[in-house]
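Student: As a plain string of letters, each chain reads:
Protein chains: 6
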Amino acid sequence: MIGQSGIAVKHVRRADAASVAALAKCGVATIHEAMGRIGLLDTHIRPIYPGAKACGTAITVFAHPGDNWMLHVAAEMLQPGDVAVLGTSSDNTDGMFGDLLATSFRARGALGLVIDAGCRDTAELRDMGFPVWSRAVHAEGTVKATVGSVNTPIICAGALVHPGDVVVADDDGVVIVPKQRAAQVAAAAAAREVKEAGTRQRLAAGELGLDVYGMREPLAKAGLKYFEDEAAWQREVQK
Amino acid sequence: MIGQSGIAVKHVRRADAASVAALAKCGVATIHEAMGRIGLLDTHIRPIYPGAKACGTAITVFAHPGDNWMLHVAAEMLQPGDVAVLGTSSDNTDGMFGDLLATSFRARGALGLVIDAGCRDTAELRDMGFPVWSRAVHAEGTVKATVGSVNTPIICAGALVHPGDVVVADDDGVVIVPKQRAAQVAAAAAAREVKEAGTRQRLAAGELGLDVYGMREPLAKAGLKYFEDEAAWQREVQK
Amino acid sequence: MIGQSGIAVKHVRRADAASVAALAKCGVATIHEAMGRIGLLDTHIRPIYPGAKACGTAITVFAHPGDNWMLHVAAEMLQPGDVAVLGTSSDNTDGMFGDLLATSFRARGALGLVIDAGCRDTAELRDMGFPVWSRAVHAEGTVKATVGSVNTPIICAGALVHPGDVVVADDDGVVIVPKQRAAQVAAAAAAREVKEAGTRQRLAAGELGLDVYGMREPLAKAGLKYFEDEAAWQREVQK
Amino acid sequence: MIGQSGIAVKHVRRADAASVAALAKCGVATIHEAMGRIGLLDTHIRPIYPGAKACGTAITVFAHPGDNWMLHVAAEMLQPGDVAVLGTSSDNTDGMFGDLLATSFRARGALGLVIDAGCRDTAELRDMGFPVWSRAVHAEGTVKATVGSVNTPIICAGALVHPGDVVVADDDGVVIVPKQRAAQVAAAAAAREVKEAGTRQRLAAGELGLDVYGMREPLAKAGLKYFEDEAAWQREVQK
Amino acid sequence: MIGQSGIAVKHVRRADAASVAALAKCGVATIHEAMGRIGLLDTHIRPIYPGAKACGTAITVFAHPGDNWMLHVAAEMLQPGDVAVLGTSSDNTDGMFGDLLATSFRARGALGLVIDAGCRDTAELRDMGFPVWSRAVHAEGTVKATVGSVNTPIICAGALVHPGDVVVADDDGVVIVPKQRAAQVAAAAAAREVKEAGTRQRLAAGELGLDVYGMREPLAKAGLKYFEDEAAWQREVQK
Amino acid sequence: MIGQSGIAVKHVRRADAASVAALAKCGVATIHEAMGRIGLLDTHIRPIYPGAKACGTAITVFAHPGDNWMLHVAAEMLQPGDVAVLGTSSDNTDGMFGDLLATSFRARGALGLVIDAGCRDTAELRDMGFPVWSRAVHAEGTVKATVGSVNTPIICAGALVHPGDVVVADDDGVVIVPKQRAAQVAAAAAAREVKEAGTRQRLAAGELGLDVYGMREPLAKAGLKYFEDEAAWQREVQK
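Protein sequence lines, in the order shown, are assigned to chains G, P, L, Z, D and E.
Counting in the working numbering, the first sequence runs from 5 upward without gaps.
Counting in the working numbering, the second sequence runs from 5 upward without gaps.
Counting in the working numbering, the third sequence runs from 5 upward without gaps.
Counting in the working numbering, the fourth sequence runs from 5 upward without gaps.
Counting in the working numbering, the fifth sequence runs from 5 upward without gaps.
Counting in the working numbering, the sixth sequence runs from 5 upward without gaps.
Rather than coming from a laboratory, the hints here were simulated on the basis of the structure.
Hints should not be assumed to be uniformly reliable.
Copies of the same chain are indistinguishable here, so a pair counts whether it falls within one copy or spans any two.
Claimed, not checked - Think about it this way: if two alpha-carbon atoms lie no more than 30 angstroms apart in a straight line, the pair counts; the simulated DSSO-like pairs of lysine-lysine are:
hint: 1; residue 1: K148; residue 2: K14
hint: 2; residue 1: K225; residue 2: K57
hint: 3; residue 1: K243; residue 2: K57
hint: 4; residue 1: K199; residue 2: K225
hint: 5; residue 1: K225; residue 2: K29
Small disclaimer: the values here were computed from a predicted structure and weren't measured.
Construct the complete structure from the given sequences, taking the supplied hints into account.
Tutor: Next up, the structure:
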């Protein structure tokens with residue numbers, strides 16, 4: 005049940021390692037396209053430093069505003085290759101995560117964090133190379149008073165995340181690949197990259213997308229009219 | 005007509021090359037001041053990486069939300085030295101532009117893109133050194149279903165842009181110089197830079213702006229009162 | 005009186021230099037915690053470049069929207085080690101501060117600026133290494149028509165700032181330490197850093213926060229239940 | 005699959021009528037509490053007129069930005085007592101719904117619409133008494149070019165909605181009750197209302213929540229200290 | 005020139021009275037559609053009370069943040085049937101307009117105000133029945149220190165407005181009809197209303213938009229597939 | 005100390021009743037002007053229903069995100085004529101206040117609430133006629149886990165509020181009058197109303213503000229130039 009508090013699930017089925025490894029080679033935009041244009045988190049989730057990149061399996065965290073207790077509970081569930089993903093019961097930007105938790109997460113083998121709340125100690129995290137995608141940078145401290153859940157399905161920044169799903173995050177944002185679809189999406193993304201490489205070459209050589217993608221006829225059908233210059237357009241308007 | 009769909013104007017009169025070259029030497033803030041404090045795009049338009057800089061002539065694009073078809077039409081109109089500028093019929097942050105279109109734009113000689121929508125593949129664009137100023141970074145894909153226009157006047161992020169106008173963009177944002185005023189503004193901006201260099205030297209030497217700009221008398225006239233310290237101020241208040 | 009216009013106080017009592025030096029060694033998050041989780045500015049105040057850092061005594065500026073006159077008045081009050089802090093009478097993002105004022109401020113010994121308005125010439129400021137924390141990057145110019153105040157108490161981005169208070173700013177944002185508390189907070193922050201260093205070592209070695217902080221019992225009391233896996237949880241739900 | 009396009013499911017299992025009728029008697033806040041504080045849509049979803057109220061079973065719609073085609077597909081699936089709920093693939097405020105669609109929806113027996121996009125003809129809708137909860141009021145027209153889905157699970161304003169779930173909406177916003185839990189939540193909400201009626205009487209008679217809820221001891225344990233007046237507090241501080 | 009300060013144009017050519025009268029009978033959404041889906045102001049412009057409605061010819065005002073001087077200059081240019089429209093040089097929410105200016109505007113025959121800034125005395129304005137569409141309700145006072153312009157072209161909330169253009173505003177927002185197109189748009193809007201009346205009747209009688217607009221075939225071509233129920237869809241997915 | 009937790013001050017010195025009664029007769033905009041254009045809360049604080057009005061003495065509440073415990077503590081301090089004002093340690097929109105607390109507050113004689121967080125049960129509050137000014141309408145429930153303070157100075161929506169200050173709130177927003185200045189501000193506001201009544205009469209009779217306020221000469225000095233029509237302006241431009 006989404007948003008239920010008081011649950012900590014110890015063991016989760018994770019997406020298979022081969023698919024995760026394959027997805028790690030692709031960018032967020034490519035994977036999102038390969039899935040059928042779904043799975044992105046909202047644009048308010050941004051990396052705390054440029055060049056951040058992570059691909060791993062989700063440990064999900066549900067927390068309440070101003071309370072980071074569940075991140076400590078989550079630390080115990082983290083395995084090498086995991087990425088923690090935190091959603092909240094209500095909008096909040098408090099700095100739930102900093103360099104101490106990052107030290108703990110890294111010791112457990114975690115590759116990063118996606119948090120629909122705030123992050124702090126961002127200079128230290130950049131120096132550590134521990135990537136975080138957050139809603140805000142905020143030094144505001146949090147309490148440990150109310151329990152949420154770990155490893156239940158959550159909604160994080162508009163996306164549904166199940167424990168064990170693949171989380172891919174880079175400069176463009178974050179995409180979630182359901183574990184059941186990981187192999188299929190990895191294959192589709194790889195195929196897309198191959199195809200795009202060919203297109204890229206043609207475009208780099210000066211060919212136009214209009215021709216590469218065969219758009220001229222559909223554009224005309226959709227009503228696009230070409231004019232030699234502004235004067236020609238204005239003559240048409242005044243007819 | 006602003007916002008009309010279905011028009012693609014092939015040839016546009018561009019600002020003269022000498023003025024564009026002169027403007028390229030100045031920053032956005034200086035040019036905006038030299039024009040009489042006008043021409044800036046809204047602050048939600050930000051470069052996708054620090055240090056981005058472009059100065060060129062506008063190819064204008066009018067597009068609908070979630071639809072990047074017109075960027076392909078615009079590619080054909082791009083000439084070396086152009087900067088594409090895209091406005092939309094309604095607020096949208098979808099990732100209308102990525103590394104494939106950038107490859108095509110660069111092959112045509114374009115220097116950059118200003119887009120009141122989203123941009124993706126930002127790591128690749130940074131690596132390519134292809135500067136984009138956008139409303140958002142968003143991996144969300146777009147369709148090619150509804151025609152807009154190319155090379156008609158548009159409103160982009162609160163500024164009116166005609167095809168061929170000069171687009172200057174840097175870390176501070178984006179300013180549009182109407183092509184008819186390009187030479188005059190370039191001269192005024194250059195003059196301003198000379199004048200500011202002198203002021204900068206005086207300020208660096210420790211002179212105060214109060215004296216450099218002769219502000220002491222106008223401040224007094226406008227009602228500013230000096231007090232030695234807080235106690236003196238409080239005594240005045242309690243009189 | 006907060007928000008009164010027309011006052012310029014020349015001399016202010018500043019926090020003691022030893023406390024400022026001690027605080028300069030700590031991060032914003034640590035200091036905020038050491039003060040009892042107070043004193044932060046709102047998250048809309050961000051550094052104009054990554055890695056910005058400043059710690060100094062506040063010269064306060066109260067200004068009106070679109071008018072940067074008071075920054076020139078403030079320049080005269082600046083002493084080596086000061087950080088200017090500007091609040092406004094109403095929300096505004098105009099570029100009140102640029103490289104000329106930064107040149108003047110630096111000549112006076114100022115270490116940086118915190119401004120609840122816009123900043124421009126950001127590439128030049130980055131090159132100068134003059135750090136600014138602002139609400140926006142905006143090239144929009146300002147007038148010099150209406151007086152505000154210098155060195156009166158202000159509210160800046162949700163925080164009360166008195167002249168002479170300590171301003172600490174880094175990648176995480178900005179925290180204000182009242183001058184009366186500077187020594188106490190500096191000591192508490194240093195103690196906190198020592199304690200955190202120990203905790204960091206234990207966490208890095210793989211110990212869990214759950215054990216380091218003794219959270220297992222409080223979590224159980226607060227109602228957290230552990231399940232081996234999702235199936236176990238679902239069996240519980242269906243009971 | 006959330007966010008898949010091209011699917012129109014004709015028949016859905018709806019929450020039982022008795023539970024819907026029972027929930028219709030309770031407010032959104034009460035139901036949210038009775039469910040365990042979950043199920044609310046984000047606060048950007050607001051009624052287009054005060055006093056709007058609806059409680060019915062969800063017909064779900066997944067649409068693309070600037071495209072309202074799927075609302076016409078949904079009209080055919082609507083039965084008396086339904087409330088349509090629309091989520092989008094990307095943020096959009098275009099006016100996807102107006103008085104013509106409302107006329108059609110009402111003819112089908114629909115009780116209202118929850119739409120994470122824009123609404124128009126709001127004066128006419130108010131006159132019709134057809135309630136809509138939307139992200140924006142916007143006259144901007146939409147196209148019919150790209151298919152989404154009807155009656156697949158969607159995320160709308162941060163909440164997961166399945167076809168047939170109960171949608172309760174009033175001045176406070178919108179809450180979704182999963183159909184499987186409808187009876188249980190209806191009972192819990194009714195019980196809560198009875199209990200609150202008793203509490204309301206005591207509070208109206210002047211009793212304090214501190215006593216009604218037994219908060220004095222927990223507050224003291226949590227560290228709250230009472231002082232007779234400000235002077236007493238200041239004496240304590242200076243000890 | 006857009007955004008030039010210091011200009012006050014006394015006499016403007018206004019859209020013809022017959023067209024204005026015809027447009028006054030239509031809603032903002034209808035007129036926007038009849039113009040080809042253009043001309044709307046951004047959605048941040050909202051009426052200060054429900055049921056507000058105005059249709060008149062534009063007197064344009066360009067003002068600086070926190071300065072309402074130009075509204076007094078505009079008062080002199082107002083004639084019966086005019087609507088004042090104010091854009092600013094930079095984002096601002098200060099309360100530039102209140103009941104005194106409304107008294108003056110009404111005495112001149114003005115029908116309302118559209119202002120991309122703040123409005124105050126909103127209870128009095130509601131009591132007077134003087135409609136205002138604004139970016140914010142804000143009591144913040146303004147100065148009279150810097151000149152802008154009256155009756156020059158402006159950009160207001162993303163729309164280009166020339167003096168004399170028709171301004172139509174209601175609960176849905178604001179649309180600008182260029183004076184040259186007023187007659188044509190009025191005719192198209194009236195025709196649209198007639199056509200919509202017929203459609204409304206059919207929809208009210210229970211016909212579906214799918215049939216009224218002939219959408220079934222295009223939807224199938226665009227890839228929409230119907231399933232009897234969720235089980236049927238899931239069987240398809242698992243094939 | 006602003007933002008300190010754990011303090012509850014029982015008795016506060018309130019502004020004198022005569023001043024409060026006098027201020028109750030004036031609107032927020034007038035009082036703000038009479039104070040010297042200061043004291044307003046940020047525009048994100050809005051009444052939950054139109055026509056809301058309150059004027060009373062402040063009981064201040066400092067709370068943590070998602071926790072409304074301190075509102076119960078505040079209830080005991082409320083006396084007839086008080087208005088509760090709540091600020092938070094960090095941005096939060098949770099529904100901290102609803103009809104039960106309103107029942108309790110009203111039983112204590114409170115006149116309303118200003119809350120920089122969310123409010124719920126808004127239909128019931130409107131029916132009760134209990135006015136609330138809030139940052140959001142949100143049904144989200146809160147916990148009672150962390151203590152804040154009551155009757156310490158707070159910052160609420162950008163304004164400093166001391167216990168006992170006068171809170172005036174209406175459709176335009178909220179203004180805080182420091183208790184020490186209440187008599188003076190009440191007198192100034194009354195005088196302003198008298199003066200404005202005279203001005204209103206002159207404006208209603210058709211006199212222009214340009215003449216009433218003697219603006220013609222200052223406008224000319226500031227550089228405003230009048231042109232008969234657009235053609236005259238364009239001739240000037242082309243000189």
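Student: Look at each hint and say if it fits the structure.
Tutor: Okay, the hints, checked on the actual structure:
In this homomeric assembly, K148 and K14 come within 30 angstroms of each other (Cα to Cα) both inside a single copy, at 20 angstroms, and across copies, at 29 angstroms. Taking the shortest Cα distances, K225 and K57 never come within 30 angstroms of each other, neither inside one copy (42 angstroms) nor across copies (38 angstroms). Taking the shortest alpha-carbon separations for K243 and K57, neither the intra-copy value of 56 angstroms nor the inter-copy value of 35 angstroms comes in at or below 30 angstroms. Taking identical chains as interchangeable, the C-alpha atoms of K199 and K225 lie at most 30 angstroms apart whether they share a chain (27 angstroms) or sit on different chains (26 angstroms).
Within a single copy, K225 and K29 get their C-alpha atoms no closer than 39 angstroms, and across copies no closer than 35 angstroms, so neither meets the 30 angstroms cut-off.
Hints 2, 3, 5, counting from the list given before, are not met by this structure.
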